[in-house]
Every structure is written in structure tokens, then in C-alpha cells.
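Residue numbers (numbering that gives the first Met the number 0), protein chains in the order written: chain A, 0 to 365; chain B, 0 to 876.
Just so you know, the hints here were simulated from the structure itself, not pulled from any lab data. Be aware that one or more of the hints could be misleading.
No more than 25 Å apart at the CA atoms, straight line, and that leaves these computed lysine to aspartate or glutamate pairs for DMTMM-like [claimed, not checked]:
no.: 1; chain 1: B; residue 1: K534; chain 2: B; residue 2: D459
no.: 2; chain 1: A; residue 1: K324; chain 2: B; residue 2: E297
no.: 3; chain 1: B; residue 1: K870; chain 2: A; residue 2: E32
no.: 4; chain 1: B; residue 1: K558; chain 2: A; residue 2: E328
no.: 5; chain 1: B; residue 1: K151; chain 2: A; residue 2: E320
no.: 6; chain 1: B; residue 1: K296; chain 2: A; residue 2: E328
Covered, in the sense of this in silico footprint (three residues per stretch, anywhere, with C-beta under 8 Å from a C-beta of chain A), are these stretches of chain B [said to hold, decoys possible]:
no.: 7; stretch: 799-809
no.: 8; stretch: 836-843
All C-beta atoms in this analysis are idealised placements derived from N, C-alpha and C, irrespective of residue type, glycine included.
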Amino acid sequence: MTLPEYIKEYVAEWAKERGLKKKEIEEFLKFLEEYIRENAVDPWEAIGIVTAQSLGEPATQATLRTFHMAGSAEVSVASGMDRILEIVDGLKKIQTPVMYVYLNPPYNKDEEKAREFARSLEEIIVSDIAVVKEDFVKKTITIVFNKKEIERRGVDIKAVIKKIEGKVKGSFDEKKYVYKIQLPKDMPLMKMRKLAQSLERLQISGLKGIKRALVKKEGDEFIITTSGTNLKAILKKKEVDHTRTYSNNIHEVAEVLGIEAARYLIIEELYKAYMGAKLLVDKRHLALVADAMTARGVITPIGRTGIAGRKGSVLARAAFEETNKHLVEASAWNEVDHLKGIVENLIVGLPIKAGTGRVKLKMKLR
Amino acid sequence: MVRKKTIGAIEFGILSPDMIRKMSTVEVTVPETYDADGFPVEGGLMDPRMGVVDPGLRCKTCGQKMNKCPGHFGRIELVRPVIHTEYIKYVEGFLQATCAKCGRLVFSDETIEKVKKKYPPKMRFKYFVKKGAEVRKCPHCGYERPKIKFEKPYNFFEITGEEEKKIWPTEIRERFERIPDKDVEAMGFNPNKFRPEWLILTVLPVPPVTIRPSIILETGERAEDDLTHKLADIVYTNQRLKENIDAGAPQLIIEDLWDLLQYHVTTFFNNEAPGVPPSRHRSGRPLKTLVQRLKGKEGRFRYNLSGKRVNFAGRTVISPDIKISVGEVGVPQIMAEEITVPVHVTEWNIDEVKEYIKRDEYPRALYIIRPNGTRKRITPDNREDILEELAPGYIVERQVVDGDIALFNRQPSLHRVSLMAHRVRVLPGRTLRINPLANKPYNADFDGDEMNIHFVQTKDAQTESRELVAVKYNMISPRHGRILVTADEDALTGMFLLTWKDTKLTKEQAAELLYAIGITELPEPDEDGLISGKKIFSMLLPKDMNIEFPTKLCEYAKKFGYCEDCRNCDLETYVVIKDGELLKGVIDEEAIGTKGKIIHYIYRVYGPEEAERFVNRIGILSTMAIKMLGFTISYEELKIDEETKKKIEQIIEEGEKKALEYIELYKKGKLEPIPGFSEEESLELYIIQSLEEARKKVTAIVVKEKFEDFLKNPATAQGFVMIISGARGKVSNIINLVAFQGQAYVREKRPHRGFMGRVTAHFKPGDISPRARGFVKRSLREGLGMLDIFFWGMGGRIGEVDKGVSTQISGYYYRRLSNALMDVIVFPDGTLREVTNDALIAYRFGDDGMNPMAALDGKLPLDILYAKMKKLKGEKK
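Starting from the given sequences, assemble the full structure and let the hints guide the process.
In C-alpha cells:
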């Protein structure tokens with residue numbers, strides 16, 4: 000086994016500080032290799048339960064509620080117990096979908112350009128900049144634009160009108176900033192309401208799903224943080240550095256970048272959530288959770304609908320949740336419990352088949 | 000010879016009516032249980048052929064007594080069949096997917112074959128049911144199938160045109176009997192083990208009396224088990240139904256009784272079945288029937304099977320004892336006298352064992368177990384006989400003595416170090432004693448905590464306990480690699496005071512300290528004849544130890560510009576240990592705390608045994624030192640001089656003024672909102688910002704002053720010593736004591752609920768000034784006002800409520816996690832596999848396969864590992 004690159008770098012940095020010679024470093028690296036090998040997790044160790052404990056025990060100390068730092072104008076990100084549960088439950092709809100969009104030069108060094116690009120990402124729909132009013136008697140729909148908002152968001156009103164005209168024809172009063180649509184008198188009310196609603200949701204610019212995009216300085220470059228995610232669309236933009244751009248939506252990442260990326264994201268997001276609550280957990284444990292959740296090739300939640308509910312053992316499932324359901328099904332389908340796991344053996348009173356319960360000792364007779 | 004058998008696998012299936020009859024020893028026909036004389040009625044629910052529950056009686060089937068007889072099933076022949084409602088899903092499935100007339104699956108043979116190839120069993124069933132419900136014409140016999148409607152909880156109807164006709168269980172059963180085995184198999188079932196008509200019960204198994212024993216109340220009355228009550232309902236209804244049918248009663252009455260029978264059978268299996276009113280006891284309490292016995296936290300699975308009660312255990316209050324090792328547990332004498340440990344008699348230890356038997360007092364033997372398994376209590380009368388009889392192969396149970404191994408546990412057992420093996424130390428008193436430095440893994444304190452102790456019985460278990468579960472091998476947390484069994488709180492303060500540069504002890508004092516940890520040699524005194532605390536501490540260190548690191552103090556020193564070059568700092572902020580001699584620096588959390596450099600160095604370079612010894616010694620030394628040097632916080636210490644006080648008041652005033660300015664701006668509508676926030680939200684943020692800013696400024700001033708006080712003389716700033724050494728407390732605590740309390744928060748917001756537009760009646764509605772929303776300008780030293788306490792109490796209450804809620808949520812999270820991951824095991828090739836599904840989870844644990852205990856905070860502790868390498872190299876030479 001050779002040491003991974005990041006450890007070598009880490010050691011090199013440390014050695015520089017200490018002023019070690021090259022030979023000494025090499026010797027040390029060799030020692031570390033040996034050390035890691037010697038300190039591998041033991042065969043038959045029930046590492047799963049150790050991981051569960053390492054994540055479960057600190058969770059009892061985690062504060063439930065998200066703590067927002069007062070006064071910051073940043074995109075808020077869910078943290079604490081809420082976020083942890085979101086991740087392990089494999090929720091598709093997360094509370095705060097966020098992207099960190101890294102930019103290619105020159106956008107990453109020029110704040111103005113970055114800001115401009117950020118603005119182009121924000122999804123603007125008609126209801127953001129206007130109020131849609133319906134008159135069911137006169138059969139008219141009036142779109143009253145908010146001039147202040149339009150200026151603030153830098154929207155081109157002509158483009159908006161064009162978009163609306165692509166849907167229905169009407170007349171635009173430039174003075175009043177009002178767009179009036181006269182519908183045929185015999186139009187059913189239902190249809191009218193649907194039209195009005197679709198006008199409200201009409202997308203004017205930006206990417207679907209991105210509610211806010213803010214420019215932030217990170218190190219010596221400007222990045223964009225967005226609330227709302229659309230990884231697929233953003234990676235196609237030429238301004239975007241697609242190698243570093245990050246979305247916290249696990250399902251989206253699994254879809255766009257694949258399950259391995261999702262695995263990595265689960266580790267990162269869990270780590271952030273735990274560290275955010277000032278709870279330290281070794282990343283190896285988080286990796287095991289991520290591995291278990293992604294081993295099937297799709298995101299499998301922890302819990303009765305996911306991993307715990309798909310155990311190969313009837314007894315293990317029955318001992319967890321929905322006891323009668325599992326027993327009834329097992330009997331109907333003539334299932335057999337081969338007592339391979341932990342609780343099954345505990346239930347029938349046998350030594351568990353892990354750790355020292357898995358090995359037998361034989362005396363070597365001389 | 001008796002051949003021992005172990006369970007290899009458990010197969011689940013459904014009992015056929017034939018099987019139920021074969022199993023049965025009695026047909027139960029009488030609803031009565033006992034007759035007037037108190038004897039069980041023949042053919043009743045307590046028929047002695049189903050087993051006995053009364054002591055002294057013999058089972059009429061197997062002839063054994065109460066404890067030996069396993070119990071035997073009986074049966075009830077149901078006059079009219081009823082549906083087993085737990086399987087209603089399958090009953091419906093078969094009705095929808097098969098032809099009522101010819102019994103075939105309503106698909107062509109080709110389709111059946113195709114589906115069989117395409118889908119696994121459970122999906123096949125789903126497919127046939129879903130598609131079959133829409134098939135109106137049977138492809139095999141051409142029968143025009145009416146639509147079948149399932150009405151919860153257990154009725155089926157056939158719809159032909161406008162008409163709805165109920166399909167009674169008899170009809171369903173007849174239809175199911177017509178389904179050929181091959182179609183049952185095609186639907187994914189094993190026809191030898193599962194026939195659809197078995198789901199329609201014609202005969203009901205009566206569980207043995209042993210699982211539903213009656214209890215005799217104090218009044219002498221017999222109280223029957225809930226199951227017996229339910230069975231009595233069934234027998235009674237069944238008999239009535241039979242009588243009515245025999246008497247040729249009208250159809251309506253028969254159907255009503257039939258329905259009632261169905262209801263009773265349904266609730267016999269599950270009294271919480273959806274849509275079925277629960278059957279109740281006379282008192283109104285719902286009956287606990289079969290499913291209720293198994294289900295949930297108090298059910299058979301979680302209460303009796305996943306967790307089992309044990310013998311040889313004890314539980315009592317814990318108290319601290321610094322003089323026993325962290326690897327030991329103090330067991331009260333009375334507990335030690337009560338509990339035994341088996342000793343296997345061999346020719347090598349027979350004399351020793353005999354000594355135990357001969358004794359009258361405490362460490363003596365209580366029982367002997369003969370090779371044939373009979374157990375005998377040792378009494379003064381039979382002692383001589385037993386000594387005579389004793390031979391290798393016997394087992395003697397003797398009282399617990401010093402050096403035995405015991406598992407020690409505190410609930411909630413959240414991680415594996417909540418249960419560790421300690422060596423027994425039998426002590427006087429009535430509490431279990433534990434070294435306070437071993438508290439952290441158990442999360443224990445001594446305000447009345449109780450802990451459990453289990454005396455390990457078998458040799459295998461004892462060896463495993465000593466070699467794997469012992470405290471010394473579990474000092475490091477597998478969660479993050481920090482050391483859990485080490486100094487905290489007062490032990491840190493004590494060590495800090497002892498190793499502070501000004502601490503000098505007389506020879507007598509030094510001798511007292513060192514003798515307590517078993518060192519009988521004094522270090523060389525300084526020129527003034529005194530011995531510095533550092534020298535005493537150095538006595539604990541291995542002689543070849545070399546390490547340098549900054550202390551916790553360093554942070555503060557840097558913050559206030561006292562220190563730039565760490566190595567040449569004379570503020571005690573940099574620890575230098577050379578050849579096992581503490582030359583510079585004070586010992587604090589960074590040295591011997593949970594991620595302390597020294598403690599990790601000793602554990603990882605010198606091993607667990609040495610670490611245990613070291614921890615024991617710092618425990619005693621620091622406790623003795625803090626007693627000797629004294630430690631207290633005085634009211635004086637909380638005072639600040641007038642000048643700084645004025646300055647602080649001014650800062651607070653300014654912060655408040657700034658907040659009020661924002662409010663003014665907001666009222667005029669001139670407040671510039673923060674992007675993404677409304678004006679109201681922005682205002683709140685601005686107010687909080689200005690108040691917190693004031694707090695920050697005050698913190699800087701107070702900490703600087705206290706730090707300077709501390710540097711002048713640590714004795715005048717002992718509260719600060721606690722913070723700096725990492726023992727307890729935060730800087731914010733000092734601010735609250737000394738300067739001002741600051742803003743009270745309720746869910747991260749200023750308190751705002753209560754009356755309309757105001758929190759209390761002391762303010763005008765709409766007043767959102769800092770004062771009206773929980774900003775407290777007074778300090779704890781000055782004393783809080785009534786409103787101040789009220790505002791701060793609001794936050795405190797929320798905290799208590801949240802604590803209760805979050806323990807529930809995180810408890811469930813933990814349960815799910817452990818159930819999901821418990822079967823993931825490391826295989827000898829290093830891969831991780833989920834054993835129940837034989838599924839590969841990962842090639843390497845955490846990508847590198849390393850045990851997190853070997854790392855520290857997720858990283859390799861390079862300094863320490865380098866030292867270890869050097870040491871190993873030195874040893875080789």
C-alpha cells in the first residue's frame with residue numbers, strides 16, 4: 000500500500016515546519032505506511048455499529064434548531080439535526096438547496112462581472128416584477144408592473160413583453176407600465192384562471208429553480224452562492240468552472256454527476272452538519288454511512304423505508320419496526336431466516352457472528 | 000449422551016387446517032374455563048391437555064409439571080369459516096387475479112410464463128393482482144367476471160350492474176380451493192407451504208395455556224389472560240352460531256352471528272386492526288391480543304428478545320474515589336458478598352478452592368455445582384462433606400473478590416464506552432466507586448447517578464473483558480480518536496495551579512504530593528530550597544520524552560499582543576519538555592485534556608498500561624495540589640475598576656443608542672433593507688448587530704483586564720484560571736458576571752411574544768427598543784431586575800423544552816442508524832459487507848481502512864507518531 004497523495008502533502012508541510020531532512024521524511028512516510036496498515040480496523044469488527052454510535056451519540060448533544068448568525072446577508076443553509084435528518088433520510092426536497100458556483104477567469108476576479116453573471120442566473124418570473132389581476136366580468140387580465148423592482152433587478156421590459164406576447168396578445172401601456180389582455184367574452188372562467196396563473200409563473204430570465212444568487216468573496220476570487228439549485232443548467236454555462244461548482248442537493252448530484260459524486264457529497268454535507276453543531280466525527284464514519292446509502296447505485300435512506308427495512312432477515316426487520324407486517328409477509332412468502340446478522344442471533348440466544356463471536360480458537364498441540 | 004442442537008435457521012410459513020388439527024390436543028367447545036370447584040373444565044379453554052399453569056398439577060398430554068411442560072395447542076372448529084384478516088391483502092389478491100369459476104389465473108398460459116420469467120415472486124403477485132382486477136373475461140373458461148369490491152376491513156362484494164352481492168368466506172374458500180397449484184406458484188408462492196384457502200380459517204389453533212396463564216389475585220379470584228378472554232368470545236359466538244344453524248334460525252340472524260365471529264377472530268389476532276373497533280375488557284381497557292404482544296417498544300421483540308434480563312448484576316449510586324485506578328471499580332462489601340463468580344476446580348487450584356469453602360467470613364464459597372449439574376449451598380453443616388466430595392470437574396461459586404473483572408455501565412448507553420470492564424476493588428460503604436477521571440465515557444457525575452455492574456462469569460468472557468473491554472484499551476474514543484479517560488474540570492485547574500511558574504512548594508509539601516502517587520524520591524530542590532510544581536509534574540513523565548507545543552494560554556497571549564515568538568515566550572504559553580523534564584509552560588487542557596498532547600504522547604508512544612498509570616497519577620496529584628494550593632472565586636474578583644466600568648457603560652449606551660437610531664430610521668421609512676430581507680427583518684438584524692457589537696467590545700475590554708489581573712497574580716483571577724486551563728466556563732460567563740448580561744434570545748430572536756405588540760405590560764404597545772425586547776444592562780454581580788430575569792427565563796424555558804424534544808428526535812435517529820448499520824462487518828479481506836443481504840458496502844472502511852482510534856480528530860498526529868518512530872528506532876539499536 001502506498002500513502003495517498005494528501006497525506007504525503009500533509010506530511011511534507013509538517014516536515015517543512017520542523018525542518019526535517021529528505022531522508023528523514025522518507026523514513027517517516029514509510030513508518031506511517033506501516034502504522035496505517037497495523038491500525039486497520041480488525042477483521043470481523045462490527046464497524047457498522049461503531050459508526051452508528053459515533054454518529055448517534057453526538058446527535059444527542061446537537062441543538063435541534065438552526066442557528067442563524069445574525070445580520071449576515073448570506074444565503075442561509077440548514078444545519079444541525081434538521082440537516083442531518085434530511086441527509087440520512089435521503090429527502091428529495093431539501094429545506095435549503097444551495098449551490099456554490101465557481102467562475103472561470105475573468106469572472107472570478109472581477110466583482111462587477113461576477114455580479115452581472117449572478118444576476119443573469121436568478122430566475123425571474125412575472126409575479127416577481129408584476130401583479131397579475133383578473134377581471135372576470137370584462138374578461139381582461141391586467142399585468143401591473145412594478146417599476147422599482149424591474150430597475151432593481153435590471154430586467155429588460157421589452158423582453159418581458161415579448162415573452163408574454165409569445166403566450167397571449169395584448170397591449171402595453173408604456174406610461175403606466177401596464178399590460179392589458181382582452182380575452183374573448185366566451186372564455187370559460189377556469190381557462191381564464193389557468194391562463195392568469197401560467198402568466199404569473201412565466202419565466203422571464205435566469206435558470207429554473209434559482210431564487211437568489213449572491214456574489215461572495217472567497218479567498219482571492221469571487222464566487223456565487225445561490226439559493227435554489229439547478230446543477231445541470233449551471234454546468235453548461237461557459238462562465239462557470241464546472242470542476243469546482245458545488246450543489247448541496249444529493250439527489251440532483253446523483254442524477255447529474257453520478258452516484259460516486261453523491262457519496263462524496265453525503266460525506267461532505269454530513270461533515271458540515273456535524274461540524275456546524277461543533278460535533279467532531281471522523282470522516283471515515285461518515286464515509287460508511289454514505290457507502291451504505293449509495294451501495295445500491297441509488298440513494299437509499301436509512302430507516303424503515305430504506306436500509307433498515309430491507310434487511311435480509313425477517314427477525315431483524317420485525318425487531319425494528321412494523322413487526323406484524325414483516326411476520327405476515329414472511330409467512331406468506333415462506334421466507335427463511337438464516338440467522339446471519341446480529342439481532343437474529345441475539346433473539347434466538349446464540350453468540351453473535353461478529354468480532355470474537357465469529358472466530359474459533361484451536362490449541363496448537365506440540 | 001444428550002446431543003446439543005442449535006438453531007440453524009428459522010422458516011416462516013402458514014399452518015394448514017390439517018396441520019392445525021394434527022397439532023391440536025383438544026377441541027375446545029365450552030366457553031367456561033373453570034367449574035364451581037375451581038377445576039378446569041374438560042373441553043374448555045383451560046383444559047389440562049393444553050398444559051398446566053398451576054403448581055403441582057400434571058399436564059395430561061406430556062405428563063410433566065408446570066415448569067417442564069412446554070404447553071400444547073388446542074383447536075376450535077369454526078362452524079362457518081372466517082377470513083384471517085392479517086392476510087386480507089392476499090385474499091383480495093387471489094380474488095382479483097383468479098377466475099371464480101374455473102379457479103385459473105385470468106391470464107393466458109403464455110402471459111403467465113412470460114411474467115414468471117420477467118418478475119421475481121413478490122412482484123409477480125403485484126402484477127397479476129393489478130392487471131387481473133381489470134380482466135372481465137376469463138381466458139380459460141370464458142366466464143364473465145363481475146367486478147370485485149373490497150370493503151374494509153374484511154368484506155368483499157361482487158358488482159353486477161347495479162347489484163352488490165356479498166361474497167361470504169365460504170364462497171371465497173370454495174373459489175380458492177379451485178386454484179391449481181401451478182397458478183399459486185405462478186403468483187410467486189410455494190404451494191406446498193401456502194394455499195390461498197388456508198387464509199380462510201375453518202379451524203382456529205388455540206394457543207397453549209402456558210402462554211396465557213391465569214393469575215390469582217389477592218382476593219383469591221382468578222383473573223384470566225386477555226387472550227383467554229378473547230378465545231372465550233370466539234368459542235361462545237361459535238357455539239351460538241352452531242345452535243342457531245342447527246335450529247334453523249333465519250338467515251339474517253346467522254349472518255349477524257357469522258359477522259360477529261369474524262370480528263372476534265380478527266381482534267384475536269390484532270386488536271388494533273384498522274377499521275375494526277378494539278375489543279375491550281370489562282373495565283374498558285382494550286385487550287392485548289397477539290399482535291399487541293409482539294409489537295412496539297414493550298412488545299416481545301424489543302422488550303424480551305432484543306434485550307434480555309441477566310443475573311449476577313448490581314445497581315446502586317456511584318460516588319468518586321480518586322485513589323482507585325481508572326481501571327478499577329469500587330464494589331460495596333455487601334454487593335461483593337451477595338454475588339458469586341464460578342471457579343472450575345482443577346488439580347492445580349483445588350487447595351485454594353478448599354480454603355474458600357472452609358471460610359466462615361467474607362471471601363468464601365457459597366455454592367458448589369457437581370459435574371452432573373446439581374447445585375448445593377455450602378453451610379457449616381455440610382461443609383465437611385463437601386470438602387470430602389470436592390474433586391476436579393466441580394464448580395465452586397465463590398464471592399466476588401479484589402481483582403475480579405466486572406462490566407460497568409451507565410445508561411443511556413449511547414456508545415460502546417458506556418460499558419467497560421473494570422477490575423473489582425471491594426470497599427466499605429454502600430455505593431459503587433469510580434475514579435472521576437473515568438467519568439467522561441459514561442457521561443456520569445455524582446449528583447445521584449446510579450450505575451450497573453455485571454460480574455463476568457465464564458472464563459472466555461472474563462478474558463475478553465480483560466483484553467478488549469478493559470478501560471485502558473478504551474481510553475480513546477472510536478468516534479474521533481480523542482482520549483476520554485483523562486483530566487477534566489478540577490483536575491485541570493489543579494494541574495494548572497501546580498505547574499504555574501510561581502508555584503513553589505516546600506520539601507514537606509512536595510513529599511506529601513509525591514508520596515500520594517507512590518514516589519518516594521524528591522527532585523533536586525532549587526537554590527532557595529523550594530521545589531517548583533513543574534519539577535513535581537516532571538516526575539510523572541517518562542525520562543525519554545521530548546515534546547514542544549503551545550498552551551491554551553497562548554491564544555489569549557497572542558490576542559493581546561503579549562507574544563509573537565512562541566518558543567521564546569516567557570508567559571508560560573509554550574510547553575517544552577526535554578528528556579522528561581518540564582522546562583517551560585503550564586500544563587492545561589492542551590497538555591492533558593481530551594486532545595492533550597502529553598496524554599496522547601504517552602498513550603500512543605508508551606501504550607495503554609503506561610497511560611492508565613499516568614492518568615491515575617495526574618488525578619491524585621492534581622486533586623492533592625488543588626487542595627494544598629487552594630482554589631476559590633471571591634466576590635472581589637468580579638469587581639472591575641471604576642474607569643473600565645465607565646468605559647463599559649459608555650459602550651453599552653452607544654450600542655443601545657445605535658439600535659434606537661435604526662428604529663428611528665425604520666419609523667421614518669428610511670431604513671435601507673439588507674438584500675433578501677424585509678424591512679422589519681432588516682431592522683431586527685441591525686438592532687441585534689449593534690447590540691452584539693457592543694458586547695464584543697465589552698468582552699475585549701473585560702478579558703484584557705482580567706487577563707492582566709491574572710498575569711499579575713493568578714490568585715486574584717481564579718475564575719479566569721478555570722477558563723484558561725480549560726476546566727470549565729466560557730469567557731461569556733465572565734462578561735455576564737462582571738459587565739452586563741446583554742440580549743436575551745428566544746429561538747434566535749429577541750423576545751417578542753406576550754401581549755399584543757409588547758412582551759410585558761411594562762412597555763407601551765409597539766415599543767421595540769432594546770429594553771422592551773430583553774436587552775439587559777445589568778450584570779449578575781450587580782443583580783438582575785425582575786424584568787431582566789423574566790426575559791432571560793424565557794430563553795431558559797425554551798432550552799428546557801427543546802432538550803426534551805431533541806432527545807426524542809435524536810434517539811430515534813440513533814435507533815434507525817444502528818438498525819441500518821449494525822450488520823455491516825469488516826471481512827478479513829478488508830471489505831465491508833452487510834451480512835444479512837450478503838451485500839458489499841465498501842472496499843475499505845473510510846477509503847483507507849484505518850481505525851479512527853489511530854487518528855486524532857480525523858488526522859494522523861504526526862508529532863506523536865514521529866516520536867514513536869524515533870523511540871522504536873532507539874529500542875532496535
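Inset, instruction - Assess, step by step, whether the Cα of K324/A is no farther than 25 Å from the Cα of E297/B, and give holds or violated. - result: The hint holds at about 17 Å.
Legend entry - Residues of the stretch 799-809 of chain B with Cβ under 8 Å from chain A, three needed, outcome: holds (count 6)
Inset, instruction - Take a quick look at whether K151/B and E320/A sit within 25 Å of each other, Cα to Cα. - result: 24 Å, holds
Inset, instruction - Establish whether the coverage given for the stretch 836-843 of chain B by chain A is satisfied; the threshold is a Cβ-Cβ distance below 8 Å, and no fewer than three residues must meet it. - result: holds (count 6)
Inset, instruction - For the pair supplied as a hint, K558/B and E328/A, confirm whether the alpha-carbon distance does not exceed 25 Å. - result: This hinted pair is violated, its Cα atoms lying about 66 Å apart.
Inset, instruction - Mind checking the alpha carbons of K296/B and E328/A for me, to see if they're no more than 25 Å apart? - result: It holds: about 21 Å lies between the C-alpha atoms, which stays within 25 Å.
Legend entry - K534/B paired with D459/B [C-alpha distance capped at 25 Å]: Not satisfied, since the Cα-Cα distance of roughly 45 Å exceeds 25 Å.
Inset, instruction - Starting from K870/B, check that the Cα of E32/A is at most 25 Å away, please. - result: With Cα atoms ~17 Å apart, K870/B and E32/A stay inside 25 Å; holds.
Hint violations for this structure: numbers 1 and 4, all remaining hints satisfied.
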